[in-house]
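Enquirer: These are the residues of each chain, in order.
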Amino acid sequence: GESVGLHLPTLSVQEGDNSIINCAYSNSASDYFIWYKQESGKGPQFIIDIRSNMDKRQGQRVTVLLNKTVKHLSLQIAATQPGDSAVYFCAEKRGSYIPTFGRGTSLIVHP
Amino acid sequence: ETGVTQSPTHLIKTRGQQVTLRCSSQSGHNTVSWYQQALGQGPQFIFQYYREEENGRGNFPPRFSGLQFPNYSSELNVNALELDDSALYLCASTPSEGLAGDGELFFGEGSRLTVL
Chain A
265 GESVGLHLPT LSVQEGDNSI INCAYSNSAS DYFIWYKQES GKGPQFIIDI
315 RSNMDKRQGQ RVTVLLNKTV KHLSLQIAAT QPGDSAVYFC AEKRGSYIPT
365 FGRGTSLIVH P
Chain B
-11 ETGVTQSPTH LIKTRGQQVT LRCSSQSGHN TVSWYQQALG QGPQFIFQYY
39 REEENGRGNF PPRFSGLQFP NYSSELNVNA LELDDSALYL CASTPSEGLA
89 GDGELFFGEG SRLTVL
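Chains A and B, in that order, give the protein sequences.
Using this note's numbering, you'd call the opening residue of the first sequence number 265 and step up by one each time.
Using this note's numbering, you'd call the opening residue of the second sequence number -11 and step up by one each time.
Excised from the complex, chain A in its bound form (with noise of 0.2 Å):
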């Protein structure tokens, strides 16, 4: 079946590494890909989309990076800090679809 998912459930940074988060997608068809970032007790927040006529993507501290060969999307922080500590889901999307989430990686991020 189609699915969206991640390869790490937890990932543990220090602060001012860069982190990358990867998730895998096993429709070629999806043409549209969301990163979200949900913090404890809140409302998943967008981060950054790309279009899947796009290999990259850059917003203010994070990249995302699409490769369609592999079905493969990632998202980059530079710099972590704290406040990046959160939930991270991928979410796909085909035409007129309703967006697939993934199931989430936890981004720590120690001081």
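Hint data in this document are derived by calculation from the structure and do not stem from the laboratory.
Note that the structure is a prediction, hence the values are computed from the model and not measured.
Don't take every hint at face value.
Stated by the list, open to error - In silico EDC-like pairs for lysine to aspartate or glutamate, Cα to Cα no more than 20 Å straight-line: (1) A:306 x B:92; (2) A:320 x B:73; (3) A:357 x B:73; (4) A:335 x A:313; (5) B:1 x B:73; (6) A:306 x B:42; (7) A:357 x B:92.
As the list claims (entries may be wrong) - The following residues of chain A were derived to be distant from chain B, with all beta-carbon distances above 12 Å: (8) 276; (9) 284; (10) 305; (11) 309; (12) 335; (13) 345; (14) 370; (15) 375.
Unchecked claim - Partial list, computed: chain B residues near chain A (C-beta under 8 Å): (16) 30; (17) 31; (18) 36; (19) 57; (20) 96.
Cβ atoms here follow ideal geometry from the backbone N, Cα and C, with glycine treated the same way.
Based on these hints, arrange chain B on the given structure of chain A.
Expert: Chain B in isolation, oriented as in the chain A frame:
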């Protein structure tokens, strides 16, 4: 600009009871989606409302139903509650026109339902 607001924030029910959760969409947003998020899982799509009509549904039984009002606010109703219905219920709004739109979903902080 007011964000997405949900009520109640927490509630406890017993098996077999019914619950109504409410959501006010962000100003200017005409599409509302509901998600169920079990502990340690990603949000699972329940359904979406656009122009007061259900505009897409996930793999949830008919005892999950909803409404959208002319002011774009929405309700999620769950009948005959089961223990597995315990979860965080998230409402998200978007200015996009129903399913066809891209762009981010603006989530509320959720209603945490515990079924005993």
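Enquirer: Now, for every hint given, state plainly whether the structure supports it.
Expert: Hints and how they fare:
1. A:306 x B:92: holds (16 Å)
2. A:320 x B:73: Violated, at roughly 38 Å.
3. A:357 x B:73: The given pair, whose Cα atoms are some 25 Å apart, is violated under the 20 Å limit.
4. A:335 x A:313: holds (16 Å)
5. B:1 x B:73: holds (10 Å)
6. A:306 x B:42: Given that 20 Å is the threshold and the Cα spacing comes to 26 Å, the pair is violated.
7. A:357 x B:92: holds (11 Å)
8. 276: Residue 276 of chain A is indeed farther than 12 Å from all Cβ atoms of chain B, at 17 Å.
9. 284: holds (19 Å)
10. 305: Violated: least Cβ distance 7 Å, not greater than 12 Å.
11. 309: Nearest chain B Cβ is 7 Å from residue 309 of chain A, so the label is violated.
12. 335: Non-interface label on residue 335 of chain A holds, nearest chain B Cβ at 17 Å vs cutoff 12 Å.
13. 345: Residue 345 of chain A clear of chain B: closest Cβ-Cβ about 22 Å, beyond 12 Å.
14. 370: violated (9 Å)
15. 375: For residue 375 of chain A, whose nearest Cβ neighbour in chain B is about 25 Å away, the distance exceeds 12 Å, so it holds.
16. 30: Since the shortest Cβ distance to chain A is 4 Å, the answer is holds.
17. 31: holds (5 Å)
18. 36: holds (6 Å)
19. 57: violated (21 Å)
20. 96: holds (5 Å)
Taken one by one, the earlier hints fail for this structure at numbers 2, 3, 6, 10, 11, 14, 19, listed in ascending order.
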